[in-house]
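Enquirer: First to last, the sequence lines map onto chains W and X.
Per our numbering, the first sequence starts with residue 1, numbered consecutively.
Per our numbering, the second sequence starts with residue 1, numbered consecutively.
Heads up, some of the hints might be wrong.
[Claimed, not checked] Partner residues are not named here, just some residues of chain X that face chain W (Cβ under 10 Å, in silico):
hint: 1; residue: Thr50
hint: 2; residue: Asp61
hint: 3; residue: Tyr63
hint: 4; residue: Ala64
hint: 5; residue: His65
hint: 6; residue: Ala68
hint: 7; residue: Lys108
hint: 8; residue: Ser156
hint: 9; residue: Leu241
hint: 10; residue: Thr242
hint: 11; residue: Gly245
hint: 12; residue: Arg259
hint: 13; residue: Glu266
[Said to hold, decoys possible] Once the Cα atoms are required to be at most 35 Å apart in a straight line, the calculated DSBU-like pairs of lysine-lysine come out as:
hint: 14; chain 1: W; residue 1: Lys140; chain 2: W; residue 2: Lys372
hint: 15; chain 1: W; residue 1: Lys418; chain 2: X; residue 2: Lys263
hint: 16; chain 1: W; residue 1: Lys118; chain 2: W; residue 2: Lys254
hint: 17; chain 1: W; residue 1: Lys140; chain 2: X; residue 2: Lys263
hint: 18; chain 1: X; residue 1: Lys263; chain 2: W; residue 2: Lys82
hint: 19; chain 1: W; residue 1: Lys372; chain 2: W; residue 2: Lys118
hint: 20; chain 1: W; residue 1: Lys407; chain 2: X; residue 2: Lys290
hint: 21; chain 1: W; residue 1: Lys243; chain 2: X; residue 2: Lys290
hint: 22; chain 1: W; residue 1: Lys140; chain 2: W; residue 2: Lys254
hint: 23; chain 1: X; residue 1: Lys263; chain 2: W; residue 2: Lys372
hint: 24; chain 1: W; residue 1: Lys324; chain 2: X; residue 2: Lys263
hint: 25; chain 1: W; residue 1: Lys417; chain 2: X; residue 2: Lys108
hint: 26; chain 1: W; residue 1: Lys287; chain 2: W; residue 2: Lys242
hint: 27; chain 1: W; residue 1: Lys372; chain 2: W; residue 2: Lys417
hint: 28; chain 1: W; residue 1: Lys287; chain 2: W; residue 2: Lys248
hint: 29; chain 1: W; residue 1: Lys332; chain 2: W; residue 2: Lys372
hint: 30; chain 1: X; residue 1: Lys263; chain 2: W; residue 2: Lys43
hint: 31; chain 1: X; residue 1: Lys108; chain 2: W; residue 2: Lys390
hint: 32; chain 1: W; residue 1: Lys118; chain 2: W; residue 2: Lys248
hint: 33; chain 1: X; residue 1: Lys263; chain 2: W; residue 2: Lys332
hint: 34; chain 1: W; residue 1: Lys248; chain 2: X; residue 2: Lys263
hint: 35; chain 1: W; residue 1: Lys418; chain 2: W; residue 2: Lys390
hint: 36; chain 1: W; residue 1: Lys170; chain 2: W; residue 2: Lys287
hint: 37; chain 1: W; residue 1: Lys222; chain 2: X; residue 2: Lys263
hint: 38; chain 1: X; residue 1: Lys290; chain 2: W; residue 2: Lys322
hint: 39; chain 1: X; residue 1: Lys263; chain 2: W; residue 2: Lys284
hint: 40; chain 1: W; residue 1: Lys372; chain 2: W; residue 2: Lys284
Quick caveat, the hints were computed from the structure, so don't treat them as lab data.
In this text, all values refer to a predicted model and were calculated from it rather than measured experimentally.
Built from N, CA and C at the ideal position, the CB exists for glycine as well.
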Amino acid sequence: MTTRRETLKTLSGALAALAAGPLATAPARAADRFTIIAHAVHKAAATTGPGGDVTAPWRAQNNTDIEWLTFGVEAVNERAFKEASLAEGNADLVFILDRYTGPQFAGLFEDLRTWQTKDAIPDFGEIPAGMVAAHSFGGKVTAIPFRHATHGLHYNTEYFAEKGVTGPPKTVTDAVALAEKLTYKRADGLQVYGLVMNFDDPATPIDWIRGFGGDFITSDYKVVVDSPASVRGVAMLCDLYKKGVLPKNSMNLKTEDVTTFMQQGRGAMTNNPFNRYINYNDPKASKFPGKIAVSALPLGVDGKPMPAKTSVWAMAIPVNAKNKQRSWSLVKLLSTRESAIAETLNGNGPVRPSAYEDARVKALIPYAAAEKEALASARLVVPGFANAAKSMDIFIEELGNAMLGNKEPAAAMAEVKKRVTPLLPT
Amino acid sequence: MTEAGRRRAGDRRAVRWFHYAMTGPALGLLLAFLVLPAVYVAWLSTTASTYGQPARFVGLDNYAHLAADPIFWRAFWNTFFVVNGIVYVELALGLGLAVLLTGPMPFKAAIVAVILDPSATTESSGIVMWRYMLEPDVGLVTQWMEHAGLPTLEWSTNPIATLLLASVIAVWHHLPFTFLILYSALTTVPQDVLEAAEIDGASRWQAFWRVTLRLIMPAILIAVLFRYIFAIRTFAEVWLLTEGGPARLSEVLAIYLYRETFKYHEFGMASATGFVMLAMSLVIALPYLKQMYREAARGP
């Protein structure tokens, strides 16, 4: 039996078809294609998860399909620069990371201040000025922040319980002592390392160096890596390596390797972005689902919050993009407060602090409060400049020399200063 | 000039034009796809060039910078030792196996299939497999060695061990190439020549050294030359193991070039590095090419 609602629906459909006449039988116009160069996390944050597909209404409204070309971190930036430098590019929108960009690439992208003046992102001022500054060169805003990746301290609660530890370390010195305590062989023969870190760039070691009051390059482009505080931090890392608290192959570890270490229970603690919580606790891949907790990094030696490393991924429109108006409309959509909340629910690090106050975020993301706390004092790995990638490589090279015992920490860091200083902007 | 002489000269001119017409397309392709890009890279090596900025002529500054960079020299010597190790170990193994297999041997086809097997494996998969087998703590081979009380290969911390492992992987993967060339050359050595040597009183070693080896020398030269040229570009083995680490101590020239191109986006420096690699290939290849021409001129 047909209900009244169904009958009305059928009738209205028939009337609509009659009104459209011959057009109703014509094939629908093929959807346009919109190409985005991004990392897989950006695609996931924008389209997949409890927050839903943020891009869906935009795609429908513009009759456009989005083609997401996703690559690894380095390759995303490389591909973005390459596409943007062509006479005729295929990318409509690209995601770039603060430490891979620099003033030399500013000419490849639209100055988004112009677009913001023409068609403003609502409440743009909420996005922290520091994040916008990470993608601004010579007064030009080359990209709009989309995601931050801020470090927290992840720890295996089962191992903590085994060793009688009740909670995360309170200070950096507590963390070092705890890492030593948590380096042991389990009953099943598995070697547990107290601390695991990736050394493919300075992002993870810099947290500990800053915890000791040191730094690498300050925001006003001064190399301070040879300061006594920095050298103390480096010496601490060397000591942990010598004692076997850090795995033997630490200098060879990348982000994915650290994830495997944590999932397999080979690492007791790591400082990595908060949202790795999802990977470390993934029941399909982890031997410890639900047992890897995350907190803000411990306090530094000065008793203040240890400045966690943060990175800012941002959306840029290549100057050779075919339809910049359309590109901007998507940037605008992805940057609204409601979108930021949905993206946070999908696992993004929100660039709008108000997203942390949303009830849905609080309910679904267990680390929301800790991440917000960490973000307040977070710093970029290095400020953006033309030779940032080379400078970071030099730092990692000399840190490796110190850890291997080829050089004393002070000598290695003095060498970093000597080699990096000529590369800084004058 | 006589009528006959004029006709012969005309024929020669016609033949020459015919040759040019026939070889022209191939030469055109070489020009378009090899010479012109090489000229472009040569020009690029004299510029400071990156994305989004016009190339700026800097003369030989990039080469001077390379010459003054200790990391470049380390990469150069690492490449030199790795390449020579790979090529000669492969040659020795390939020749040894080829000689063994040209004699009577059971399950010959199966053994040849096993030797050829690595070449059917995707390079990156093969390298990752080796890496996981020798991973510190958890690698299968590492665990066996630890159980047997043997020292483990510290390839993640010791650059010499890294380069040694990279060389072993390269030999494993490319041995089939050398083996196939030498094996097929050995199967074409005429038996009557070897029998004549035997009748003349040559021992088996003398027959091999003085007859077989001489006859397959062109094949050996080709195998060595090709492997040198490919081995100079060794990249994946080291990159997938350590990316040239720790502390860039196991870096080879191809990784140095990769960093300049894809990490630092300094295309002038990258092109200069590429040209140094090309020069290195030429210097190595020249004596072999000369020898090959000599062999060819001497005839069979």
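Enquirer: Hint by hint, say whether it matches the structure.
Expert: Going through the hints against the structure:
1. A hinted interface residue such as Thr50/X counts as satisfied when its beta carbon comes closer than 10 Å to some beta carbon of chain W; here the least separation is about 6 Å, so the hint holds.
2. Interface hint status for Asp61/X: violated, as the beta-carbon distance to the closest one in chain W is roughly 15 Å, over 10 Å.
3. Among the interface hints, the one on Tyr63/X is violated; its C-beta lies about 18 Å from the nearest C-beta in chain W, farther than the 10 Å criterion.
4. The interface hint given for Ala64/X is violated, since its Cβ lies 15 Å from the closest Cβ of chain W, which is over the 10 Å cut-off.
5. Checking His65/X against chain W by beta carbon gives a least distance of about 12 Å; that is not within 10 Å, so the hint is violated.
6. The restraint placing Ala68/X at the interface with chain W is violated, with a minimum CB-CB distance near 12 Å, outside the 10 Å limit.
7. Because the smallest distance between the Cβ of Lys108/X and any Cβ of chain W comes to about 41 Å, over 10 Å, the interface hint for this residue is violated.
8. A hinted interface residue such as Ser156/X counts as satisfied when its beta carbon comes closer than 10 Å to some beta carbon of chain W; here the least separation is about 4 Å, so the hint holds.
9. Here the hint on Leu241/X is kept, as its CB sits about 8 Å from the closest CB of chain W, short of 10 Å.
10. A hinted interface residue such as Thr242/X counts as satisfied when its beta carbon comes closer than 10 Å to some beta carbon of chain W; here the least separation is about 5 Å, so the hint holds.
11. A cut of 10 Å between beta carbons decides the hint on Gly245/X: the least distance to chain W is about 6 Å, and the hint holds.
12. Hint status for Arg259/X: holds, given a least beta-carbon distance of 7 Å to chain W, under 10 Å.
13. Interface restraint check for Glu266/X: the shortest CB-CB distance to chain W comes to about 8 Å, inside 10 Å, so the restraint holds.
14. Under the criterion of a C-alpha separation no larger than 35 Å, the hint pairing Lys140/W with Lys372/W is consistent with the structure, at around 28 Å.
15. At most 35 Å may separate the alpha-carbon atoms for a hinted pair to count; Lys418/W and Lys263/X meet this at roughly 21 Å.
16. Restraint check for Lys118/W and Lys254/W: not satisfied, since their Cα atoms lie roughly 42 Å apart, outside the 35 Å limit.
17. At most 35 Å may separate the alpha-carbon atoms for a hinted pair to count; Lys140/W and Lys263/X meet this at roughly 24 Å.
18. Proximity of Lys263/X to Lys82/W is assessed by CA-CA distance (about 12 Å); at most 35 Å being required, the pair is judged to hold.
19. With a C-alpha separation of about 32 Å, the suggested pair Lys372/W and Lys118/W falls inside the 35 Å cut-off, and the hint holds.
20. This hinted pair does not check out: Lys407/W and Lys290/X have alpha carbons roughly 47 Å apart, beyond 35 Å.
21. For the hint pairing Lys243/W with Lys290/X, the CA-to-CA distance comes to about 56 Å; that exceeds 35 Å, so the pair is violated.
22. Between the alpha carbons of Lys140/W and Lys254/W the distance comes to roughly 33 Å, so the proposed pair stays at or under 35 Å and holds.
23. At roughly 32 Å between alpha-carbon atoms, Lys263/X and Lys372/W fall within 35 Å of each other, so this suggested pair holds.
24. With a CA separation close to 28 Å, the supplied pair Lys324/W and Lys263/X stays within the 35 Å bound.
25. Taking the CA atoms of Lys417/W and Lys108/X, the gap is about 61 Å. The hint is violated against a cut of 35 Å.
26. Under the criterion of a C-alpha separation no larger than 35 Å, the hint pairing Lys287/W with Lys242/W is consistent with the structure, at around 28 Å.
27. Proximity of Lys372/W to Lys417/W is assessed by CA-CA distance (about 33 Å); at most 35 Å being required, the pair is judged to hold.
28. With a C-alpha separation of about 22 Å, the suggested pairing of Lys287/W with Lys248/W holds against the 35 Å cut-off.
29. Simply put, Lys332/W and Lys372/W have alpha-carbon atoms about 23 Å apart, close enough for the 35 Å limit, and the pair holds.
30. At most 35 Å may separate the alpha-carbon atoms for a hinted pair to count; Lys263/X and Lys43/W meet this at roughly 24 Å.
31. The straight-line distance between the Cα atoms of Lys108/X and Lys390/W is roughly 53 Å, outside the 35 Å bound, and the hint therefore fails.
32. Among the hinted pairs, Lys118/W with Lys248/W is inconsistent with the structure: their alpha-carbon atoms are about 55 Å apart, more than 35 Å.
33. In summary, the hint linking Lys263/X to Lys332/W is supported, as the alpha carbons are separated by about 30 Å, within the 35 Å threshold.
34. For the given pair, Lys248/W sits about 26 Å from Lys263/X by alpha-carbon distance, which is consistent with the 35 Å threshold.
35. At most 35 Å may separate the alpha-carbon atoms for a hinted pair to count; Lys418/W and Lys390/W meet this at roughly 13 Å.
36. Of the supplied pair hints, the one linking Lys170/W and Lys287/W holds, its CA atoms being roughly 27 Å apart against a limit of 35 Å.
37. Distance restraint check for Lys222/W and Lys263/X: the Cα-Cα separation of roughly 23 Å lies within the 35 Å cut-off, and the hinted pair is therefore satisfied.
38. For a cut-off of 35 Å, the pair hint linking Lys290/X to Lys322/W is broken: about 55 Å separates their Cα positions.
39. Our distance criterion of 35 Å between C-alpha atoms is met by Lys263/X and Lys284/W, whose separation comes to about 34 Å.
40. Under the criterion of a C-alpha separation no larger than 35 Å, the hint pairing Lys372/W with Lys284/W is consistent with the structure, at around 28 Å.
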